[in-house]
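Protein chains: 4
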Amino acid sequence: MMGKLLKISIFGESHGEGVGLILEGFPAGIKVDHDLIRSNLARRAGGNDLFSTPRKESDDIRFVSGIFEGYTTGAPICILIPNENTRSGDYAQLKSRMRPNHSDYTAQAKYHGYNDYRGGGHFSGRLTTALVAGGALAIQYLSEQGIKVGGHIFNIGEAYDDPFPLNPDFSLINKDFPVLNTDAGEQMKEEINHARMNLGSVGGSVEVAVTGVPVGIGEPFFDSVESILSHWYFSIPAVKAVEFGLGMEFAESLGSEVSDSMYYEGDKVLTKTNNCGGICGGITNGMPIKAILTFKPTSSIAQKQQSVNLETKENITLEVKGRHDPCIVKRAVPVVESVTALALLDLYMEGKCR
Amino acid sequence: MMGKLLKISIFGESHGEGVGLILEGFPAGIKVDHDLIRSNLARRAGGNDLFSTPRKESDDIRFVSGIFEGYTTGAPICILIPNENTRSGDYAQLKSRMRPNHSDYTAQAKYHGYNDYRGGGHFSGRLTTALVAGGALAIQYLSEQGIKVGGHIFNIGEAYDDPFPLNPDFSLINKDFPVLNTDAGEQMKEEINHARMNLGSVGGSVEVAVTGVPVGIGEPFFDSVESILSHWYFSIPAVKAVEFGLGMEFAESLGSEVSDSMYYEGDKVLTKTNNCGGICGGITNGMPIKAILTFKPTSSIAQKQQSVNLETKENITLEVKGRHDPCIVKRAVPVVESVTALALLDLYMEGKCR
Amino acid sequence: MMGKLLKISIFGESHGEGVGLILEGFPAGIKVDHDLIRSNLARRAGGNDLFSTPRKESDDIRFVSGIFEGYTTGAPICILIPNENTRSGDYAQLKSRMRPNHSDYTAQAKYHGYNDYRGGGHFSGRLTTALVAGGALAIQYLSEQGIKVGGHIFNIGEAYDDPFPLNPDFSLINKDFPVLNTDAGEQMKEEINHARMNLGSVGGSVEVAVTGVPVGIGEPFFDSVESILSHWYFSIPAVKAVEFGLGMEFAESLGSEVSDSMYYEGDKVLTKTNNCGGICGGITNGMPIKAILTFKPTSSIAQKQQSVNLETKENITLEVKGRHDPCIVKRAVPVVESVTALALLDLYMEGKCR
Amino acid sequence: MMGKLLKISIFGESHGEGVGLILEGFPAGIKVDHDLIRSNLARRAGGNDLFSTPRKESDDIRFVSGIFEGYTTGAPICILIPNENTRSGDYAQLKSRMRPNHSDYTAQAKYHGYNDYRGGGHFSGRLTTALVAGGALAIQYLSEQGIKVGGHIFNIGEAYDDPFPLNPDFSLINKDFPVLNTDAGEQMKEEINHARMNLGSVGGSVEVAVTGVPVGIGEPFFDSVESILSHWYFSIPAVKAVEFGLGMEFAESLGSEVSDSMYYEGDKVLTKTNNCGGICGGITNGMPIKAILTFKPTSSIAQKQQSVNLETKENITLEVKGRHDPCIVKRAVPVVESVTALALLDLYMEGKCR
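Chains as they are written, first to last, in my numbering: chain A, 1 to 354; chain B, 1 to 354; chain C, 1 to 354; chain D, 1 to 354.
Pulled out of the complex, with its shape left as it was, chain A reads as follows:
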């Protein structure tokens, strides 16, 4: 469960009946934009091109509750995305044969062997489908308040996109392959192809930004915008680093170099640079929020890995069969946007209550 005023519970398994979530506390009277949901789910779905998993997911979603005559009712919204096209046979061997850097071993240890191990079970990236479906509602709500969320691939392997400028224009993000610089995008595709040809995988990162953010969003200390966003971000499978604004670069910086000069533009206080990523003291300053999330390369690879067999208690060599992503970063972009919107909407609503 996550959230304070907008509470999200997520459920489901990769090879079970389906995945889904419950959104408690979503405002009433919002007309559901099914096109946006479909479009974001399509961006997340694999199977569209060579750069993702060949598992096709049609991602039909069902609103089980909380929607009436096309509008949100204020009651909890249950979204259910049935699974289909699952091939459990691919994974059966994995009950005892652990994939390194995966939840196989930790989940089995934690749940004493009762976990649904098929395709990662509850720990599968498949669950992010639910976040995208629910996140679309948050994106839509925020958008009506003038708050826009956008993301692009920041890097894959050694291929780097341009960073967002001071004031990002999300319409400039390439539709087919979400980068700002299409040349960089071509290099990224090569990195992915290279990994796939070698039966391997490659990591990368996503930059996300939010524009139109009012000043004063975020709560002191534990509910700082960074704390809340990072809590969400690290829930996305494979995320291993989160940075805001300059992020890690701050570690090698002098205070004078990274000071965001403040100035008045009319009645509005702006900054000339945005090293702090739109968040000062944990609270938004009105400049765009900016964050970068690092995704580790998929651990399900067909290359040989050294591992263990929990049943026989032997060391083994593992080659993971099945349909896998050489790189999940492209598919992660709408997930990062969705999660950003859900987190921010909760803080936004809290900002209205006092």
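Worth flagging that the hints you see were computed from the coordinates, not collected in a lab. There could be a bad hint or two in this list.
Heads up, the list lumps identical chains together, so a pair's fine if it works in one copy or across two of them.
Unchecked claim - Computed list of lysine-lysine pairs in DSS-like fashion (alpha-carbon distance at most 25 angstroms, straight line):
#: 1; residue 1: Lys352; residue 2: Lys31
#: 2; residue 1: Lys321; residue 2: Lys148
#: 3; residue 1: Lys148; residue 2: Lys7
#: 4; residue 1: Lys304; residue 2: Lys272
#: 5; residue 1: Lys268; residue 2: Lys313
#: 6; residue 1: Lys352; residue 2: Lys148
#: 7; residue 1: Lys352; residue 2: Lys272
Using the hints, position chains B, C and D against chain A.
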């Protein structure tokens, strides 16, 4: 408020009566180790050397509740650390003159000018004193379970310490200046001196590790170990990036390069490398937890900065007077350790309940 | 959302796709007892006799997630109970014509008319089906620890059952009509018949007890057993009073009259009476927990009531058509048991963690 | 910890350094009304007359944080009420000798003997002082929105006050002895005197009402107004029953008898009676909220009681020495009002956020 079974509420202001916290749900029957508390507070306190703020804080702490005859009672523990040696005059000008990259502007906007602006008020790093005091109890409890937490400065500016080895030995951390490599420590001091001489500040990072962690700590999805730890970490003022294991390096890695080979040592499953930082699928795998936190350089610097005066609504040039840290990274080490212990204790207790 | 370690989110509407809930944090490795679930759902279902609503609900339940090969996995359990046999036409007129003492008006006002008004929508007693399904898992878990939950109708109108004795034996509760004293049960049926004949409804109460409770369950102050149980109890539609132990009778009592004399039986501390209902200072003392919940008479009655039409803004006379319960108390018994088990399991797990 | 947007943590012990609480999330910019706080604390304090404990408490309160220049800052408010005039000697014998119907035994069992047993420790009614101090801020805030909270003694033993009328006027409550009917008050005093003369105690109840409540406060299901209020109410030591509106009387009522006829007065929907206590479907309908709380008689009485000695493991006869209340109901009135305001403010703020 933070935590589920161990709930922490933090309060106080830099120049008010004091700072403190409440620990709800801390187990009964733990003998309070006042030496550990004092020692950790001393590590956090400024004024000891040239590398920190000249503001001396004696940090006398008072257990207002929850301790009886030297032991925790199971009732909420209120820790109060009275303020002393505050010079509010230093800050009075800051009511209207905003320090860039600081909470001055965001807090004033959020609270319509009612915030206590003196020394950053509730947004001051001073509040971390309370975390260190409370964290010492968590460190002590975990230590009795064989779980140890240790941190060191990883870098300051361009001076980098050695990273923790596969199995960290915290007794090797230098006592006076917390690094593994004392030569690196000398270079760091130079970076700090350089910043101080220029009336500026410099950023850096802290590496923290936890050893003796049982397999299976952490809860699925939103309560992954990374999610919970990062939520806490980003609550520490000035933290702008958090990485687990290889962290950002994953973005340029191939899956095959970063696979943590698993093997049996007796009945125990271990990994030959620890790129995932002891956390797979959000759950501990028994290897040491490892994280790196990046701290931005202090924004209170005496160098000229461009800013605004909220009262006159004019653009101004600001030189921040007062006692400031050229680098907070050294003092942050016990804070990071304390927060790690508090977060982990909560997850550890949850791991026992089912 | 309710609960700390065992988090429950409930969703659904009376005339939508279905109702359900998510159980987060339920322990892994529990074999699902489908017979218990079916049996409890049957006790809650209407349509079995003359004493309940003629709306028949087959209450097929689907475990969408969290169950694998018949056992709980530790991952969130989503239970979905599809709706069937809904006759929305019965309710269409109620969009503008408010039933007194019902959520019709408050929900419409709160949600600006976007609420699903059919059959009470999210405010329908239908949602308790989900609580019964999820509660069966909690009952089963507790039962394996020797903790038993049982309830009976305490009164309907002026017909009163015997109260539970000091040490209740739940096997003595009548199966068909849940009372201890079958004569009292006959009188209750007459009360219900009388109400039905008059196109009206009648209120009543349920007594619930828990045996085998360990000493020391419950947390101080806000998480007292009474606080947590009552929070759950008042979530059950139509509950308007909750008493523990002697309850309201305490108000006319002298301290000396109601003192529960304590004594040793072997090593065990017992009390000769149980006026405090097994809870002292908010914490269990090892004696049975006892509570009584009062249910108001159903507000959907066919008798004439004075009300308002929100559309025409006129005062009106209302006769509620449709299938209604003359008395919900009998059907409420398994709901009260289920909710008691869910609440107690959460506190029980918390008791194990420190 | 209690609350969602307004989070309250309570701490302290009867004979420790003091008691207090933290209010997180209280709105900024509210001028603290010290007279109201003092006046409400005085109403709660014992020692004023023959009808309460002779222990005098001056109840000086200290705002440790969250207040600046007389106004709330938006940061967490820590209120500390130091203890004084404690005579621990009175209680020393109680370490091993358990008072029946008290937390003595349950706390010792739960905390393995580490609890502060002096005067009930953390389980003492003394902690309600903190609720009254914090509640005064909530009362003040609500009052500025036109929402008023008032309570009176409803009964003590067999002496009953008049109930609140349909629209309560709190100015009619007697100041010295909070009843509506002063004759009833005189009878109550006799009940108390009678109990005191016999070295005993007597129970009673408090009726509380809230006027000026907007329609639509409260959240569906688990966060119904009744659920939230009762959670708070049962946290008050000695409360054993909570009723809303007609409460227990509903159990003997017919639906037609208790239907609250609705009608338009201008544009406003009102009801002719208020059996539902201003709450329908868990949500406020704009009529006054009404609740009755039953307090059990104090268990600390000087009369002989049968009990146990936990050290010697023997059955004993106990006569509790020390200063005790023959009846706590009068002192409970401001506590009930305070808690009502805190609970309601949280729900009120939530009502503004969507």
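Item to check | Intra/inter-copy verdict for Lys352 and Lys148 if alpha-carbon distance must be at most 25 angstroms | outcome: Both ways: Lys352 and Lys148 sit 18 angstroms apart in one copy and 23 angstroms across, limit 25 angstroms.
Item to check | Within, between, both or neither: Lys148, Lys7 at alpha-carbon 25 angstroms | outcome: within (21 angstroms within a copy, 31 angstroms between copies)
Checklist entry - Between copies, within a copy, both or neither: which fits Lys268 and Lys313 at Cα up to 25 angstroms? => result between (65 angstroms within a copy, 9 angstroms between copies)
Checklist entry - With identical chains treated as interchangeable, where does the CA-CA distance between Lys352 and Lys272 reach 25 angstroms or less: within a copy, between copies, both, or neither? => result neither (28 angstroms within a copy, 35 angstroms between copies)
Item to check | Intra- versus inter-subunit Cα pairing at 25 angstroms for Lys304 with Lys272 | outcome: This pair counts as between: shortest inter-copy Cα distance 15 angstroms, intra-copy 50 angstroms.
Checklist entry - Is it within, between, both, or neither for Lys321 and Lys148, if the alpha carbons may be no more than 25 angstroms apart? => result neither (40 angstroms within a copy, 39 angstroms between copies)
Next on the checklist: My question is about Lys352 and Lys31: at a cut-off of 25 angstroms on alpha-carbon distance, are they close within one copy, between copies, both, or neither?
Outcome noted: For Lys352 and Lys31, the Cα distance is within 25 angstroms both inside one copy (21 angstroms) and across copies (20 angstroms).
Against the hints set out earlier in the document, violations occur for numbers 2, 7.
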